[in-house]
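Visitor: Chain by chain, the residues:
Protein chains: 2
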Amino acid sequence: MVKKSRNPEKTRAHILEVAFGEIYRKGFQGVSIDAIVNETSVTKGAFFHYFPTKQELGYAIVDEILNDVILERWITPLKAYKNPINGILSRYKKIIETAEDADLPFGCPLNNLIQEMSPVDPIFKEKLRTVISLWIDKNEEYIKKAQELGYLKKDVDTRQLAEFIVMTQEASYGLTKTVGDKTFLWSSYHSLKKYLAALSV
Amino acid sequence: MVKKSRNPEKTRAHILEVAFGEIYRKGFQGVSIDAIVNETSVTKGAFFHYFPTKQELGYAIVDEILNDVILERWITPLKAYKNPINGILSRYKKIIETAEDADLPFGCPLNNLIQEMSPVDPIFKEKLRTVISLWIDKNEEYIKKAQELGYLKKDVDTRQLAEFIVMTQEASYGLTKTVGDKTFLWSSYHSLKKYLAALSV
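Protein sequences, first through last, are from chains R and F. Read in this note's numbering, the first sequence has 198 at position 160, and its numbers run on one by one without any break. Read in this note's numbering, the second sequence has 90 at position 52, and its numbers run on one by one without any break.
Accuracy of the hints is not assured; some may be wrong.
Identical chains share a label here; the pair holds if one copy fits it or two copies do between them.
What the hints assert, rightly or not - Quick list of in silico lysine to aspartate or glutamate cross-link-like pairs, EDC-like style, CA-CA up to 20 Å:
id, residue 1, residue 2
1, K163, D141
2, K64, D141
3, K92, E102
4, K120, E110
5, K64, D159
For the record, the hints were derived by calculation from the structure and aren't laboratory data. Quick caveat: nothing in here was measured; it's all calculated off a predicted structure.
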């Protein structure tokens with residue numbers, strides 16, 4: 039019999055947070071429900087009450103955690119900058135500076151799920167595509183603003199640039215997994231900085 | 039009893055090629071030895087004669103297939119170009135043009151293994167790092183040549199540019215897995231072309 043939690047929302051969020059960390063370090067297919075349950079404070083029965091399948095848990099991580107993490111890390115802080123191009127670079131720099139060394143071998147949680155799950159699960163693929171599209175859309179909004187304010191050359195294709203920025207950022211985390219230090223992150227940052235300078239007025 | 043092959047080298051290459059395709063489509067951890075054996079013309083006994091463990095099979099794919107595929111696709115053709123920068127762009131364009139639609143949802147086989155196996159297997163990580171380093175080294179040789187020949191600005195950091203080119207190319211394949219068409223590949227190509235133009239004399 040499943041012990042009823044007095045705060046089901048909090049319990050659900052606790053399971054999601056623990057599962058997010060386990061999947062980040064071991065991969066979605068590489069981690070078992072037992073391993074996740076062991077790291078939580080709930081019973082296996084309670085776990086299945088919230089997430090009847092591992093798939094449903096995975097989808098909830100994309101919809102409820104990754105989406106917010108991407109916006110909070112990369113997008114929301116941009117509104118504080120007069121020139122959004124400076125904002126994009128400052129955020130990237132800050133994120134690299136504050137990245138924990140212990141996390142570097144594990145890359146980006148969004149990129150990891152894209153690489154692992156998109157080819158084998160169409161629902162994952164669609165949900166992950168939605169997060170990437172949102173990330174690109176929001177970057178494009180700020181890039182357009184930079185163009186309207188006269189910071190960016192008029193002939194810059196704002197969609198292409200937004201896509202390139204997101205690809206650059208994901209790529210630097212992806213290759214970091216082979217080295218486990220910040221070499222590729224800084225290399226990518228400095229190249230993007232030069233590229234954006236070439237496109238700026 | 040294992041039936042002796044009359045051409046062990048050919049049999050080994052056949053197993054590697056089949057396994058490469060299966061792992062490309064299903065992931066290393068997602069594919070079973072039985073599934074690979076079923077796609078080959080050898081018995082399970084013969085398979086284990088050549089590859090006693092799935093790990094050894096995976097390492098051989100990195101050392102013997104991925105290394106050559108990367109050099110053949112991206113590097114060897116560069117020697118035909120007077121200006122290596124044009125060569126890098128022409129190859130990238132050609133590779134995108136000739137990419138099979140059916141392969142797009144599966145991304146790049148090297149990037150896939152990096153994302154999946156680097157965090158969980160230090161031997162894979164080291165072998166994959168070696169392939170990436172070689173790819174960057176060879177790009178840098180051609181970038182240096184372009185600089186010596188006066189095609190590229192003297193103040194370009196050749197290592198940083200080589201890293202950025204490889205990251206850009208891997209990234210475009212990585213995000214392509216969420217859409218399954220060539221949007222991100224072309225977007226990345228056109229952005230890289232503009233960036234290289236800005237760095238050229």
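Visitor: Are the hints correct? Go through all of them and say.
Guide: Outcome of the hint check:
{"no.": "1", "hint": "K163 / D141", "verdict": "between (24 Å within a copy, 15 Å between copies)"}
{"no.": "2", "hint": "K64 / D141", "verdict": "within (12 Å within a copy, 26 Å between copies)"}
{"no.": "3", "hint": "K92 / E102", "verdict": "within (15 Å within a copy, 36 Å between copies)"}
{"no.": "4", "hint": "K120 / E110", "verdict": "within (18 Å within a copy, 47 Å between copies)"}
{"no.": "5", "hint": "K64 / D159", "verdict": "both (18 Å within a copy, 11 Å between copies)"}
When the structure is compared with the earlier hints, no violation turns up for any of them.
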